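Trainee: Kindly produce the complete structure, drawing on both the sequences and the hints.
All residue numbers for the sequence shown refer to the working numbering, where the first residue is 46 and numbers rise by one.
Heads up, a few of these hints could be off.
Simulated DEER-style distance windows between Cβ atoms [claimed, not checked]:
#, residue 1, residue 2, range
1, Asp105, Phe77, 34 to 40 Å
2, Thr52, Ile83, 47 to 53 Å
3, Arg126, Arg102, 32 to 38 Å
4, Ala129, Leu93, 48 to 54 Å
5, Ile80, Asp48, 49 to 55 Å
6, Ile80, Ser121, 37 to 43 Å
7, Ile106, Phe84, 27 to 33 Å
8, Ile83, Ser121, 45 to 51 Å
Hints are computed from structural coordinates only; laboratory data are not their basis. Predicted model, so just to flag it, every value in this text is computed and none were measured. Even for Gly, the Cβ is constructed at its ideal location relative to N, Cα and C.
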Amino acid sequence: MIDRKKTLEQLEEVSHAVEPEKPSSMSWLYIFGAIVLIFGLTLLFQQLSGTTDGEVRPADIESLHAEVAELRDTISDLEARIEALEE
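Mentor: In structure tokens, the structure reads:
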């Protein structure tokens, strides 16, 4: 009988050691807080940048057209130089 009691006590100790610990509610609170902080910072940076929904401003389009025209002029100048060197 004594051996049986010791064996049962040892089994209880082993079973308590094997059971995984449940995460405390405080750790879930930290995880939730971190997620809220990340989304809050993302929203803040979007507000500070001024473009929240991927909108394209007309001034941006006009400047892009000007850059494309400038690059086309540069290409035509380079083509003219290449032709001059080939002759």
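Trainee: Check the structure against each numbered hint from earlier and tell me which ones fail, lowest number first.
Mentor: When the structure is compared with the hints, only number 6 turns out to be violated.
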